[in-house]
Amino acid sequence: MSQILDAYRGLKLRDRMSGAPGWVRKVGMLLVIAFAFYLPFLNILPFAYIRTDLTSSGSDWASVLFLVVVYMIVAVGLNVVIGFAGLLDLGYVGFYALGAYSVALFGSPSSPVVEAIQNRFGLDETWAVPFVMCIPIAIVMALIAGVTLGAPTLRLRGDYLAIVTLGFGEIIRITARNLDNVTNGATGISGVPVPPGPEIDGRSFFNTIDAERWYWLALSILILIIFLAFRLEHSRVGRAWLAIREDEDAAAIMGVAAFKFKLWAFAIGASVGGIAGLLFGSKQQYVEPNAFMVNLSFLFVAMVVIGGSGNIYGVLLGAFLLTYLPERFREFQEWRPFAFGVALVVVMILRPQGLVPSRRRAREFEDRKVEAEEAAADA
Amino acid sequence: MPDPSKSETVLDTTAADAPTTVAPDTSDHDALTIDVGPEGETLLEIDHVTLRFGGVVALNDVHFSIKRGEILGLIGPNGAGKTTCFNVMTGVYTPTSGEVRFSGKVISGTKPHKINQLGIARTFQNIRLFPEMSALENVMVGCDARHKTSVMGALFRAYRVRPAEHQLPQNPLRRSLAKVFGVSRHTMEERGGRIKSMELLKFVGIADRAHELSRNLPYGYQRRLEIARALATEPELLCLDEPAAGFNPAEKEDLMDLIRRIRDLGHTVLVIEHDMKLVLGVTDRIVVLEFGQKIAEGSPEEVARNPKVIAAYLGEPDDAA
Numbered sequence: 001m002s003q004i005l006d007a008y009r010g011l012k013l014r015d016r017m018s019g020a021p022g023w024v025r026k027v028g029m030l031l032v033i034a035f036a037f038y039l040p041f042l043n044i045l046p047f048a049y050i051r052t053d054l055t056s057s058g059s060d061w062a063s064v065l066f067l068v069v070v071y072m073i074v075a076v077g078l079n080v081v082i083g084f085a086g087l088l089d090l091g092y093v094g095f096y097a098l099g100a101y102s103v104a105l106f107g108s109p110s111s112p113v114v115e116a117i118q119n120r121f122g123l124d125e126t127w128a129v130p131f132v133m134c135i136p137i138a139i140v141m142a143l144i145a146g147v148t149l150g151a152p153t154l155r156l157r158g159d160y161l162a163i164v165t166l167g168f169g170e171i172i173r174i175t176a177r178n179l180d181n182v183t184n185g186a187t188g189i190s191g192v193p194v195p196p197g198p199e200i201d202g203r204s205f206f207n208t209i210d211a212e213r214w215y216w217l218a219l220s221i222l223i224l225i226i227f228l229a230f231r232l233e234h235s236r237v238g239r240a241w242l243a244i245r246e247d248e249d250a251a252a253i254m255g256v257a258a259f260k261f262k263l264w265a266f267a268i269g270a271s272v273g274g275i276a277g278l279l280f281g282s283k284q285q286y287v288e289p290n291a292f293m294v295n296l297s298f299l300f301v302a303m304v305v306i307g308g309s310g311n312i313y314g315v316l317l318g319a320f321l322l323t324y325l326p327e328r329f330r331e332f333q334e335w336r337p338f339a340f341g342v343a344l345v346v347v348m349i350l351r352p353q354g355l356v357p358s359r360r361r362a363r364e365f366e367d368r369k370v371e372a373e374e375a376a377a378d379a
Numbered sequence: 001m002p003d004p005s006k007s008e009t010v011l012d013t014t015a016a017d018a019p020t021t022v023a024p025d026t027s028d029h030d031a032l033t034i035d036v037g038p039e040g041e042t043l044l045e046i047d048h049v050t051l052r053f054g055g056v057v058a059l060n061d062v063h064f065s066i067k068r069g070e071i072l073g074l075i076g077p078n079g080a081g082k083t084t085c086f087n088v089m090t091g092v093y094t095p096t097s098g099e100v101r102f103s104g105k106v107i108s109g110t111k112p113h114k115i116n117q118l119g120i121a122r123t124f125q126n127i128r129l130f131p132e133m134s135a136l137e138n139v140m141v142g143c144d145a146r147h148k149t150s151v152m153g154a155l156f157r158a159y160r161v162r163p164a165e166h167q168l169p170q171n172p173l174r175r176s177l178a179k180v181f182g183v184s185r186h187t188m189e190e191r192g193g194r195i196k197s198m199e200l201l202k203f204v205g206i207a208d209r210a211h212e213l214s215r216n217l218p219y220g221y222q223r224r225l226e227i228a229r230a231l232a233t234e235p236e237l238l239c240l241d242e243p244a245a246g247f248n249p250a251e252k253e254d255l256m257d258l259i260r261r262i263r264d265l266g267h268t269v270l271v272i273e274h275d276m277k278l279v280l281g282v283t284d285r286i287v288v289l290e291f292g293q294k295i296a297e298g299s300p301e302e303v304a305r306n307p308k309v310i311a312a313y314l315g316e317p318d319d320a321a
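So the sequences go chain by chain: A and B.
Numbering of the first sequence is given in the UniProt record's numbering, commencing with residue 1 and proceeding in unit increments.
Numbering of the second sequence is given in the UniProt record's numbering, commencing with residue 1 and proceeding in unit increments.
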């Protein structure tokens, strides 16, 4: 196993990438993006074996791709919180649920909220908030939730923060299940709106059959979010987060407003989670509380940690592996939790810093290991 | 055709990144000079500050002040409360009674990062750099304290500023774009911070290893890097906590010179130090603490002759009691 890892290290892919001239990197990036857009139609052997719909029981390939990209958005958002700011958030599904529920509550003509607005203002029964308006609503709802959760809890550090956020994720789900007259409770809300688009073959542009359009939409949003995440990482904000992660007290004395930047990390992570939830809810056209169980939070954290917390490419890989592999190997579905557990253990033993770690995070990890060993030797 | 005369524009960081000698750079650093009020005014006042931790009295009715433009030494035996005094000034602790005033404003109880914005920066007795950042990045964190770009500014870069002619990029396409749309304030601050950080590293004499991780720097470099990082926040008052700890005599000489040059930039310096030669050599005035109380204050000569100070450092002779 270590031989394989050594061979992988010998490739020095990262050095080659960063050593290449600017135009090579740009062209390479464009090719990758073009290939990603082409993926739903990939039908050339042997590459077509990565498709998930080769057997009749397989799931729709484009839908799987869509889910992969939605979870990639989640991973990039959660990476801002865990990887950049170093805050362990175990309740990220709460923001994801909020995004899905905001588009459902305001956009679906049959949701109790929209019905109340219809009755209050004497509007038509088919009236609902247009989808385009639902986007800012979802972002703002998630943002407000992030700030409300963060403002009191970010004074906690480490494990305490993790416990509080874990509770938050559950609070959102249980609230959605029990507020019958607002969220329809366990029944859920149907008729969630889809993005506007021209009608093709008598169907709206974004429908349940042509999943590749959803995939392209999500992919475009993902690319935009990755671009913004890189901007944040390579700015004073990313530097401030790194300083806070390394020595919060020293950072504060050097003029870094630690609490403010941590709260921003939380708010940004929350709104990205909200966008992902919005895409998910809109594609399903149906939102119910059981879609946002706490184990989804653990899956999100596992994506970031296995992929390589702090490295955007790493978390993308983590999201891809943890979403795609279970779909590709559906035959072994009953083994899924077992394989997931084994994979986690193996990664934690062989590569605790993640598959594609950020270099800084990898070194921080080494330092902590050395410190722990020294402490053990002293004791 | 690239014009060689234009290669030394502000945007060209390669010139600033070029390795320099290890010896401290004594050339002019006009860019680093800070604007301050009239010299000789009271800058910081520790007004009868008492700090208790449960039953332990760490500071007992300490009272002294620092005048703008001076180098004040704070000395005392181990455990006298010197570092605690720093912690009270920089907002780490809130005094039990009494207050700290900076330029006439009460700052005790203010958050550390706010105090830094008001103009107090410090170094640490046991070095506390950001080990995973390069030396340059460490200083840039300090520079960020004076930058206005916030999270939204860094994300969307919508706030544009018009750069001066010499700040325009060399690339013709980028040049014309920058002329039409301006450059985002974030970009300008980032470039400015880089250049200023490099300048500061040269000033303290460690520019040759600017791109190395601060954890890999030798001890003396780390000490000087801490000073550069603190200076980057443009403090009116710079507090140095045992800057010469672990230095050899030659390095101490360099440090004394550096402290004087820092004062010449316009900063007021407060220095905690054990090394009497250094303290007596560089300071204008000295305050002596013992067991959390001020026992003496005055010029280096007065303090060195003060029997209380001699007793505190050497112990009292038996027959004196």
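Hints are computed from structural coordinates only; laboratory data are not their basis.
Note that the structure is a prediction, hence the values are computed from the model and not measured.
One thing to keep in mind: the hints can contain errors.
Claimed, not checked - Below 27 Å or equal to it, Euclidean Cα-Cα: the simulated DSS-like pairs (lysine-lysine) are:
hint	chain 1	residue 1	chain 2	residue 2
1	A	Lys260	B	Lys308
2	A	Lys26	B	Lys148
3	B	Lys148	B	Lys179
4	B	Lys67	A	Lys260
5	B	Lys114	B	Lys148
6	B	Lys148	B	Lys105
7	B	Lys111	B	Lys179
8	B	Lys114	A	Lys260
9	B	Lys105	B	Lys67
10	B	Lys277	B	Lys67
11	A	Lys260	B	Lys111
12	B	Lys67	B	Lys308
13	B	Lys111	B	Lys148
14	B	Lys252	B	Lys179
15	B	Lys277	B	Lys308
Checked hints:
Distance check on the hinted pair: Lys260(A) and Lys308(B) sit about 47 Å apart at the alpha-carbon level, beyond 27 Å; violated. Between Lys26(A) and Lys148(B) the CA atoms are separated by roughly 31 Å; this puts the pair beyond 27 Å, and the hint is violated. Among the hinted pairs, Lys148(B) with Lys179(B) is consistent with the structure: their alpha-carbon atoms are about 22 Å apart, no more than 27 Å. Between the alpha carbons of Lys67(B) and Lys260(A) the distance comes to roughly 33 Å, so the proposed pair goes past 27 Å and is violated.
Restraint check for Lys114(B) and Lys148(B): the C-alpha separation of about 14 Å stays at or below 27 Å, so the hint holds. With a C-alpha separation of about 23 Å, the suggested pair Lys148(B) and Lys105(B) falls inside the 27 Å cut-off, and the hint holds. For the proposed pair Lys111(B) and Lys179(B), the alpha carbon gap of about 41 Å is over 27 Å, so the pair is violated. In summary, the hint linking Lys114(B) to Lys260(A) is supported, as the alpha carbons are separated by about 12 Å, within the 27 Å threshold.
A C-alpha spacing of about 15 Å is found between Lys105(B) and Lys67(B), which places the hinted pair at or below 27 Å, so the restraint holds. For the hint linking Lys277(B) to Lys67(B), the alpha-carbon distance of about 23 Å falls within 27 Å, and the restraint holds. This hinted pair checks out: Lys260(A) and Lys111(B) have alpha carbons roughly 12 Å apart, not beyond 27 Å. Among the hinted pairs, Lys67(B) with Lys308(B) is consistent with the structure: their alpha-carbon atoms are about 24 Å apart, no more than 27 Å.
A hinted pair counts as satisfied when its Cα atoms are at most 27 Å apart, and Lys111(B) with Lys148(B) qualifies at roughly 19 Å. Restraint check: the Cα-Cα separation between Lys252(B) and Lys179(B) comes to about 49 Å, which exceeds 27 Å; the hinted pair is violated. Taking the CA atoms of Lys277(B) and Lys308(B), the gap is about 19 Å. The hint holds against a cut of 27 Å.
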